[in-house]
Amino acid sequence: MEFFDIYEIEPSFSISENELKKKYLVLQKKFHPDRFAHSSIEEQKTALINSSLINDAYQVLKDDIRRAKYLLECNGVEITNHTNPAFLMKQMEYEEKIEDHSNDKNQLLSIQKELQEELDQYKDNLTLDFDKKNFDRATNQINEFIFIDKLHLKIKEKINQLS
Amino acid sequence: MALLQISEPGKSTDPHNRKLTIGIDLGTTNSLVASVISGEAKILEDNNYRLIPSRVLYEQDQILVGNDIPSHAVSIINSVKRLIGKKKDDINANDIALDLADSNDIFIQTPQGFKSPIQVSSDILKKLKKIASDYFGDEIYGAVITVPAYFNEGQRQATKEAAKLAGIDVLRLINEPTAAAYAYGLDTKKEGVFVVYDLGGGTFDISILQFNQGVFEVIATNGNSSLGGDDFDQIIKNYLINKYQLNSQGLEEQAHLNLIAKYIKEKLSSQNTFNETIKFNNQNYQIDISLSEIEESFIPLVDKTIQCVKNALNDANLSIDEIDGVIMVGGSTRMPTIQNHMKQFFNQDLLNDLNPDEVVAIGAARQAFVLSGQAVDDDTLLLDVTPLSLGIETMGDLVERIIPRNSTIPIAKAQEFTTYKDGQTMMKIHVVQGEREKVSENRSLGEFVVKDIPPMPAGAAKIKVTFQVDADSLLTVSAEEQTTGTKTSIEIKPSYSINENEIRKMLEDSFTNAEDDKKFRSLAELIIDANQILELTEKALHNDQQLLSDHEKTTIEKCMNNLKSEITKKNPSKIKQVTDELNNASMSFAQKRMDRSIHSALTGKNINEINK
Numbered sequence: 001m002e003f004f005d006i007y008e009i010e011p012s013f014s015i016s017e018n019e020l021k022k023k024y025l026v027l028q029k030k031f032h033p034d035r036f037a038h039s040s041i042e043e044q045k046t047a048l049i050n051s052s053l054i055n056d057a058y059q060v061l062k063d064d065i066r067r068a069k070y071l072l073e074c075n076g077v078e079i080t081n082h083t084n085p086a087f088l089m090k091q092m093e094y095e096e097k098i099e100d101h102s103n104d105k106n107q108l109l110s111i112q113k114e115l116q117e118e119l120d121q122y123k124d125n126l127t128l129d130f131d132k133k134n135f136d137r138a139t140n141q142i143n144e145f146i147f148i149d150k151l152h153l154k155i156k157e158k159i160n161q162l163s
Numbered sequence: 164m165a166l167l168q169i170s171e172p173g174k175s176t177d178p179h180n181r182k183l184t185i186g187i188d189l190g191t192t193n194s195l196v197a198s199v200i201s202g203e204a205k206i207l208e209d210n211n212y213r214l215i216p217s218r219v220l221y222e223q224d225q226i227l228v229g230n231d232i233p234s235h236a237v238s239i240i241n242s243v244k245r246l247i248g249k250k251k252d253d254i255n256a257n258d259i260a261l262d263l264a265d266s267n268d269i270f271i272q273t274p275q276g277f278k279s280p281i282q283v284s285s286d287i288l289k290k291l292k293k294i295a296s297d298y299f300g301d302e303i304y305g306a307v308i309t310v311p312a313y314f315n316e317g318q319r320q321a322t323k324e325a326a327k328l329a330g331i332d333v334l335r336l337i338n339e340p341t342a343a344a345y346a347y348g349l350d351t352k353k354e355g356v357f358v359v360y361d362l363g364g365g366t367f368d369i370s371i372l373q374f375n376q377g378v379f380e381v382i383a384t385n386g387n388s389s390l391g392g393d394d395f396d397q398i399i400k401n402y403l404i405n406k407y408q409l410n411s412q413g414l415e416e417q418a419h420l421n422l423i424a425k426y427i428k429e430k431l432s433s434q435n436t437f438n439e440t441i442k443f444n445n446q447n448y449q450i451d452i453s454l455s456e457i458e459e460s461f462i463p464l465v466d467k468t469i470q471c472v473k474n475a476l477n478d479a480n481l482s483i484d485e486i487d488g489v490i491m492v493g494g495s496t497r498m499p500t501i502q503n504h505m506k507q508f509f510n511q512d513l514l515n516d517l518n519p520d521e522v523v524a525i526g527a528a529r530q531a532f533v534l535s536g537q538a539v540d541d542d543t544l545l546l547d548v549t550p551l552s553l554g555i556e557t558m559g560d561l562v563e564r565i566i567p568r569n570s571t572i573p574i575a576k577a578q579e580f581t582t583y584k585d586g587q588t589m590m591k592i593h594v595v596q597g598e599r600e601k602v603s604e605n606r607s608l609g610e611f612v613v614k615d616i617p618p619m620p621a622g623a624a625k626i627k628v629t630f631q632v633d634a635d636s637l638l639t640v641s642a643e644e645q646t647t648g649t650k651t652s653i654e655i656k657p658s659y660s661i662n663e664n665e666i667r668k669m670l671e672d673s674f675t676n677a678e679d680d681k682k683f684r685s686l687a688e689l690i691i692d693a694n695q696i697l698e699l700t701e702k703a704l705h706n707d708q709q710l711l712s713d714h715e716k717t718t719i720e721k722c723m724n725n726l727k728s729e730i731t732k733k734n735p736s737k738i739k740q741v742t743d744e745l746n747n748a749s750m751s752f753a754q755k756r757m758d759r760s761i762h763s764a765l766t767g768k769n770i771n772e773i774n775k
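From first to last, the protein sequence lines stand for chains D and G.
Numbering follows our numbering, in which position 5 of the first sequence is assigned residue number 5; successive positions increment by one, without gaps.
Position in the second sequence (from 1) plus 163 gives the number in our numbering.
Where hints are given, some of them may not hold.
Just the calculated beta-carbon pair ranges, DEER-fashion [stated by the list, open to error]: (1) D:Lys22 / G:Ser460: 32 to 40 Å; (2) G:Glu604 / D:Gly76: 54 to 62 Å; (3) G:Thr588 / D:Lys62: 40 to 48 Å; (4) D:Leu153 / G:Val237: 15 to 23 Å; (5) G:Gly300 / D:Ser16: 50 to 58 Å; (6) D:Thr127 / G:Glu643: 36 to 44 Å; (7) G:Ser455 / D:Glu114: 46 to 54 Å.
Pulled from the structure, derived: some chain G residues nowhere near chain D, Cβ distances all over 10 Å [claimed, not checked]: (8) Lys182; (9) Asn211; (10) Val533; (11) Lys576; (12) Asp692; (13) Lys702.
Which chain D residues face chain G? A few, computed with CB under 10 Å, are given here [as the list claims (entries may be wrong)]: (14) Tyr24; (15) Leu25; (16) His38; (17) Ala47; (18) Ile49; (19) Ser52; (20) Leu53; (21) Asn134; (22) Lys150; (23) Leu151; (24) His152; (25) Asn160.
What the hints contain is simulated information worked out from the structure, not anything from laboratory work.
Ideal Cβ positions, reconstructed from N, Cα and C, are used throughout, including at glycine.
Working from the sequences, and respecting the hints, build out all of it.
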């Protein structure tokens with residue numbers, strides 16, 4: 001839970017992005033190598049290690065997927081790639097839907113909205129799963145979340161290309 | 164829990180113990196040096212010139228830089244920034260009006276022998292340092308040097324080496340657009356998201372920054388390190404050649420036309436037509452060009468920059484209406500074509516309040532002052548990113564990305580490797596930089612050889628390799644065997660740049676040259692030197708003559724025979740001259756030999772450490 005400790009926040013899936021960002025800037029202002037550019041070589045090395053760690057932790061904590069994976073890892077849970085058949089069907093339906101409407105911006109926008117709602121739902125589920133330490137379900141939810149997130153990105157790119 | 168190791172930065176700075184710091188904008192066309200004087204960042208002038216042309220002239224007995232070069236001089240080295248940290252394959256030799264050595268590494272022929280782009284850059288830096296130390300009448304404590312955001316590892320490393328060679332203590336390399344945003348941000352105190360459009364003489368950068376709570380955070384950067392104002396000059400030049408049937412054969416004519424084209428570009432930045440008589444090849448030409456007749460040929464270049472802007476916006480996940488300000492940097496952004504296109508693209512007025520030629524140096528000077536710990540009430544901070552992804556070669560010519568582009572620096576990433584043979588004690592890791600999937604399509608940074616792995620069965624060793632990118636955006640690599648805790652050593656064979664022996668040699672050379680009063684070294688010393696190089700060359704020929712073409716070998720042997728005969732004649736200046744000739748003749752040979760031997764420029768060791 002090192003990364004959460006650095007940011008002095010309780011390990012959990014739901015965190016305030018604003019608070020995290022604020023804390024990030026405060027920490028970097030204190031530990032960044034620029035603050036030690038005139039200090040001894042030893043202090044400069046320490047600053048490099050500290051600042052790198054603060055950056056690394058920030059990248060993990062601010063990203064939903066990486067934060068969830070990190071929480072699982074800290075709890076000693078191995079992430080498996082098992083997907084249930086019902087979700088596989090859903091996957092294929094989405095792929096087909098996007099393919100069928102690949103030139104229709106309005107349709108794509110409405111699919112995007114659908115996907116966004118799905119993502120929000122997964123986030124709620126993950127919050128609950130981690131709070132209840134239901135790691136098996138959390139693993140399952142993350143795998144699906146990753147897929148929906150990829151689709152969401154893909155559709156966003158398509159919309160950008162059309163506009 | 165002490166996760167972060169505490170060490171408080173030196174808080175109290177003795178006001179009487181002033182540290183003179185400077186900011187250097189080492190540009191393709193012009194360079195500037197600035198410093199914070201009584202709280203204000205100011206450009207330091209060179210005999211009333213604010214811009215120091217980035218040009219060097221090597222004569223037999225002296226080196227002239229910038230404004231010191233007489234206007235009629237020929238064989239001037241221009242735009243060396245386009246060459247720094249590059250190989251011959253990376254450049255279009257036709258674009259560069261210079262005599263280059265016949266080797267893959269770039270060496271420029273001068274009356275003082277072959278010079279590497281690092282040496283030429285270091286001569287410009289020496290001049291800038293001298294302007295500052297003359298101004299203050301004191302030694303310079305340290306400098307911030309700016310580089311294009313899109314410079315790769317090799318180009319950054321080479322710039323830092325040039326600074327070392329010039330005897331400058333580099334407090335930090337910072338990105339040019341970041342320096343510009345810093346100058347603007349401190350000026351206006353306005354928070355928000357800013358785009359910096361930086362079209363330099365030979366490089367183009369786009370950076371998107373967020374200024375928030377006193378932190379300038381770069382969100383994304385993109386660009387092209389071989390696109391700049393010079394390319395617009397080339398278009399004008401070719402247009403002139405066609406329209407007026409000019410004879411452009413020869414390096415001198417090319418160089419002269421470059422100057423004429425630049426002059427016309429500058430004129431057309433403030434007026435719609437250019438009508439002047441120009442002297443070229445001892446003939447007068449009446450030149451009449453309107454902006455509208457040439458503007459269309461600029462469009463492909465402008466479009467290239469717009470593509471970079473779009474890429475950066477995409478990486479930053481931002482749309483145009485989220486941009487709070489657009490900062491224009493670089494003299495070429497005065498061109499109406501660029502101003503109009505950018506205004507239209509961003510749908511807002513551009514920020515031009517600070518002089519686009521000077522804003523980078525001003526930002527660098529302020530940052531140097533802050534880094535020296537003297538800016539007591541200033542707690543602003545720059546957080547920059549890596550411009551290009553770092554990865555390693557995996558099977559089948561594929562790249563595995565370790566540190567993605569636009570990662571905030573400093574950053575460290577560890578990766579675990581294992582052995583595939585019983586008792587394997589060495590392992591090779593090939594590091595590349597770039598965004599392509601295939602190794603061969605990215606830039607190779609070097610091969611890291613992990614040595615001293617304790618012998619174990621295949622797959623048992625766990626070698627943790629850490630890739631550390633520091634605040635200068637420079638990479639170091641370290642490795643440790645996890646099961647035994649053995650610190651394995653790493654040797655690097657960079658694919659670019661020179662090795663440290665050569666830097667040391669150049670450093671020694673520069674000290675020798677600096678001591679003007681010691682011009683005439685004793686005959687004894689000269690003969691010792693001469694015999695030493697003869698001996699070294701003989702040994703090298705004995706071991707590695709297969710690296711040389713017949714022609715190269717004959718040239719070297721001829722120089723050796725000349726030197727042997729001069730030593731017996733005991734004429735100091737002759738011996739010196741022929742020693743230098745042999746040195747030059749064997750330079751590319753030495754380079755080839757070095758290329759084969761493993762060296763360690765990437766490990767971040769500095770000159771002082773090597774000299775110990």
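How the hints compare with the structure:
1. D:Lys22 / G:Ser460: 32 to 40 Å: Hint violated: Cβ distance 49 Å, outside 32 to 40 Å.
2. G:Glu604 / D:Gly76: 54 to 62 Å: At roughly 40 Å between Cβ atoms, Gly76 (chain D) and Glu604 (chain G) fall outside 54 to 62 Å, so the hint is violated.
3. G:Thr588 / D:Lys62: 40 to 48 Å: At 41 Å between Cβs, range holds.
4. D:Leu153 / G:Val237: 15 to 23 Å: violated, 56 Å
5. G:Gly300 / D:Ser16: 50 to 58 Å: holds, 54 Å
6. D:Thr127 / G:Glu643: 36 to 44 Å: holds, 38 Å
7. G:Ser455 / D:Glu114: 46 to 54 Å: holds, 50 Å
8. Lys182: Its Cβ does come within 10 Å of chain D, the nearest being 7 Å, so this is violated.
9. Asn211: Check passes; 32 Å lies beyond 10 Å.
10. Val533: violated, 7 Å
11. Lys576: Per Cβ check, Lys576 (chain G) is inside 10 Å of chain D; nearest 8 Å; violated.
12. Asp692: holds, 35 Å
13. Lys702: holds, 37 Å
14. Tyr24: holds, 9 Å
15. Leu25: Holds - the Cβ of Leu25 (chain D) comes within 10 Å of chain G, reaching about 5 Å at its closest.
16. His38: holds, 4 Å
17. Ala47: At 8 Å from the nearest chain G Cβ, Ala47 (chain D) passes the 10 Å test, so the hint holds.
18. Ile49: This interface hint holds because 7 Å falls under the 10 Å limit.
19. Ser52: holds, 4 Å
20. Leu53: The hint holds - Leu53 (chain D) has a Cβ within 10 Å of chain G, the shortest such distance being about 7 Å.
21. Asn134: Where the cut-off is 10 Å and the nearest Cβ of chain G is about 27 Å from Asn134 (chain D), the hint is violated.
22. Lys150: Lys150 (chain D) check fails; min Cβ-Cβ to chain G is 15 Å, beyond 10 Å.
23. Leu151: violated, 17 Å
24. His152: Violated - the Cβ of His152 (chain D) stays beyond 10 Å from chain G, reaching only about 12 Å at its closest.
25. Asn160: holds, 8 Å
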